[in-house]
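Novice: Respectively, the protein sequence lines represent chains A and B.
Its first residue numbered 1, the first sequence is counted upward by one per residue in this note's numbering.
Its first residue numbered 454, the second sequence is counted upward by one per residue in this note's numbering.
To be clear, the hints were calculated from the coordinates, so they are not data collected in a lab.
Cβ atoms here follow ideal geometry from the backbone N, Cα and C, with glycine treated the same way.
Mixed in with the good hints there might be a few duds.
Estimated spans, in silico, between C-beta atoms of each pair [said to hold, decoys possible]:
1. B:P537 <-> A:E40: 53 to 63 Å
2. B:E461 <-> A:D123: 42 to 52 Å
3. A:C390 <-> B:G466: 31 to 41 Å
4. A:D281 <-> B:D512: 18 to 28 Å
5. A:S131 <-> B:G562: 21 to 31 Å
6. B:F519 <-> A:D281: 22 to 32 Å
7. B:F519 <-> A:L127: 37 to 47 Å
8. A:N278 <-> B:T549: 33 to 43 Å
9. A:D281 <-> B:E556: 12 to 22 Å
A few chain B residues facing chain A, derived, Cβ under 8 Å [what the hints assert, rightly or not]:
10. S476
11. S477
12. Y501
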Amino acid sequence: MAKLHSVRLNEDKCVGCTNCIKKCPTEAIRVRDGKARIAEERCIDCGECIKVCPHHAKSAEMDTLDALKPYRYTIALAAPSLYAQFGTPATRPMVLAALLNIGFDDVYEVAIGAEVVTKGTCDYLPLARSSSRLPLISSACPAVVRVIQEKYPGLIDNLVPFDSPMEVTAELARRDALARTNLKPQEIGIFFISPCPAKRTAVTNPIGNRLTQVDGVLAIAEVYPQILAKLEKMNPDQVVEFEQRILADATGVGWGASGGEAMGLQTEKYLVVDGIHNVIDILEEIENERLRDIEFIEANSCMGGCIGGPLTVANRFSAKSRMNRYIQEALVFEAEHQDSVYKPDRDVIRPWTEMPQANNALTLDPDIFKALEKYEQMEKITHHLPGLDCGACGAPDCAALAEDIVRGLAVESDCIFKLKERIRSVAAQMSELEFEMNRHTKPAEGEQEHGHT
Amino acid sequence: MIEPVKLEYKIRGSDFINAGEASSGTKKALNRLGVSPAAVKRAAIAMYEAEINAVIHADGGEAEVFIYSDHVIIRIIDQGPGIPDVSLAMQEGWSTAPDIAREMGFGAGMGLPNIKKHSDDMSIETEIGKGTTVTITVRFQV
Ligand SMILES: Nc1ncnc2c1ncn2[C@@H]1O[C@H](COP(=O)(O)OP(=O)(O)OP(=O)(O)O)[C@@H](O)[C@H]1O
Ligand code: SF4
Ligand code: SF4
Ligand SMILES: [Mg+2]
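This is chain B alone, in the form it adopts within the complex:
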């Protein structure tokens, strides 16, 4: 089995200007690798939402991306406040986004549901006061 390509990014908290760099870098890499446009799109959208969540809700974190020949695994890791009720957070429209984020057009409570929609597998590990890790798998072929 061939080793995956690993990409790593730092995600800075409350940095709305550069938010999205990790997912757009990943998207470029997937394009370079010849992954189908539809799969690239799904991976990029799912990753972008998780990345933005780390920026808004957790004061930043890291992204790790493992690209295999037929799928990609994306992990967004933060040391933020954690999510008290994951199933509530997963509901469309549920949001605790601060006003500043709402002014920037975030906070519709659609991020996590969107990740679910665009990924083949999604898991959230979270602990109050410790942080959250969102793991997303997108397969290249349907």
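One chain only, chain A, in its complex shape:
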């Protein structure tokens, strides 16, 4: 079975503190036997726990450069956020050339796929308007799509119903490679250079069970040192060659940071939100129909957008300033080289044939009668717990412990206050028993006792 998520725990490093359980937006983490455990079916791979863990015990299961070996021809797909990892004097052609040099046969900018998706979204907007699917919600961030499937299934129909820029670019890259080489499709390996684990899960377990064109996903942090090394000994001729290639325009490049996707749309009525907890607040507003005049929501799970991804290297604020420079350079390039700028090709867009399903991980029981019973019980237990939400039981708050208890995953005495109560009552029973015991055994020691009194 496909791996449901990519965020992993390093047991040796985990000390069982409560930092991650408190930050997880889907309450997917529990500390059991002193170690954090992630509930597979609930994790949306937002990477909040990776960012917050002071002991660096959370990491992502990603592919490495070894994954290239089985393929005869390999293609790297550069996420727009990759550029922002490198400051001056690096330029986009230089970063792309350096990426190629670490061991790929070709490189593609995912910014190209982003342009296609932007175009598709513009075309789709009138249809969304007439079928009351507004506001449209971007489906580019897999963590956002998954949080919708799990917590806001009523908003699934509002998602932009196309595969992400990564998939579109992979499709393009494979088509081109097949046309250019005599290779079979399975001899071509396509690898996305990613800012996050969510994108890896989008490949190992694609949203809506779609077929993926991507063969592996490497962390930006994994290839960063190699790219840096290649940048330092860059061959000027190669850079010139890359400068003459077709490059993505500023719209596509802009997707790397929060606000970039919305910028390319032909509507002013958009809202941009970043950070998974903020995204959840906005989803709540949409469900309550409080955002009636908004037509498009750009939502990114990471603060700052993909440049804030958990597997990036550069500080998000300096990455943002670099991103602006790359966008400016793209604008200049566009103005000077009209013919070398990618023109989005509509027929590579990959529309969803069906919408993703709701994820029932939060449902208490598939049978509503049992679910009602469990809910009732859960409320009662919550009422009896101290309400301190201390996390010492290993659940993020008292209500979550109550839920675990009705699901049969925990017991009331996991709450240290309840445990204390139990110990106290057991202690009281013990001393009562001791008293009883003494009363029965005393006659035997009777004489001695007598002596004292």
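Using the hints provided, position chain B with the ligands relative to the given structure of chain A.
Specialist: Just chain B with the ligands now, kept in the frame of chain A:
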């Protein structure tokens, strides 16, 4: 017949910041129970409108929610001024919302019509000077 799950909430008047807590709590509960997303959405929107009306027009009140296996009954009860002409209030665009509420984006006169649209049954009991109770039924299967 199995007892319904009962939820209760206090709705505080003129508290725009926390307004919506009752309906969002109810929505969470319905999701937990595995109710279909479409039905949850209808119940949540209808309840939210009634809840906001209690906040804006009646200085708060209470919400009672009864969840059965195939439907939910939501009652929003207030001790506010009451509605003088219910059929007028039910008309799209009719509103007496104060300026402050309008500034917050309320007052389009769409709340009650929206409740009607999203519920399977809706009734309003109201008495001038005593208060209003809006009862909403949403069935889970269509
Ligand atoms: N609980 C209530 N108590 C007193 N008056 C009410 C109550 N609910 C509604 N009304 C009256 O009915 C009118 C119409 O209500 P409705 O919810 O349709 O619109 P609104 O609240 O004015 O605006 P909107 O709901 O679009 O923000 C209100 O303006 C108000 O005069
Ligand atoms: S990645 Fe996000 S959803 Fe998954 S366990 Fe970590 S914080 Fe929770
Ligand atoms: S915002 Fe970007 S980096 Fe962060 S989880 Fe979403 S896709 Fe990944
Ligand atoms: Mg109203």
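Novice: Hint check: is the beta carbon of B:Y501 less than 8 Å from a beta carbon of chain A?
Specialist: OK, holds: B:Y501 within 8 Å of chain A, min 5 Å.
Novice: A:D281 and B:D512, beta-carbon distance inside 18 to 28 Å?
Specialist: For A:D281 and B:D512 the Cβ distance comes to about 26 Å; the hint holds.
Novice: Given the hint of 22 to 32 Å, check if B:F519 and A:D281 actually sit that far apart at their C-beta atoms.
Specialist: Since B:F519 and A:D281 have Cβ atoms about 28 Å apart, the given range 22 to 32 Å holds.
Novice: Could you say whether the range 42 to 52 Å given as a hint is met by the Cβ separation of B:E461 and A:D123?
Specialist: 48 Å, holds
Novice: Quick check on B:S477 please, does its C-beta sit within 8 Å of some C-beta on chain A?
Specialist: 6 Å, holds
Novice: Grab the minimum C-beta distance from B:S476 to chain A and call the hint holds if it beats 8 Å, violated otherwise.
Specialist: Holds, about 7 Å.
Novice: With respect to the beta-carbon atoms only, verify the hint that A:D281 and B:E556 lie 12 to 22 Å apart.
Specialist: Given about 20 Å between the Cβ atoms, the range holds.
Novice: Just to be sure I understand the hint, the distance between the Cβ atoms of A:C390 and B:G466 should be within 31 to 41 Å; is that true here?
Specialist: Between A:C390 and B:G466, where Cβ atoms are some 33 Å apart, the hint holds.
Novice: Just tell me: holds or violated, for the beta carbon distance of B:P537 and A:E40 against 53 to 63 Å?
Specialist: 57 Å, holds
Novice: Taking the CB of A:S131 and the CB of B:G562, does the distance hold inside 21 to 31 Å?
Specialist: 25 Å, holds
Novice: Taking the beta carbons of B:F519 and A:L127, is their distance inside 37 to 47 Å?
Specialist: Because 39 Å falls inside the window, the suggested range holds.
Novice: Using the beta carbons of A:N278 and B:T549, state whether their distance is inside 33 to 43 Å or not.
Specialist: Holds, at about 34 Å.
Going down the numbered hints, you'll see the structure goes against none, and every one checks out.
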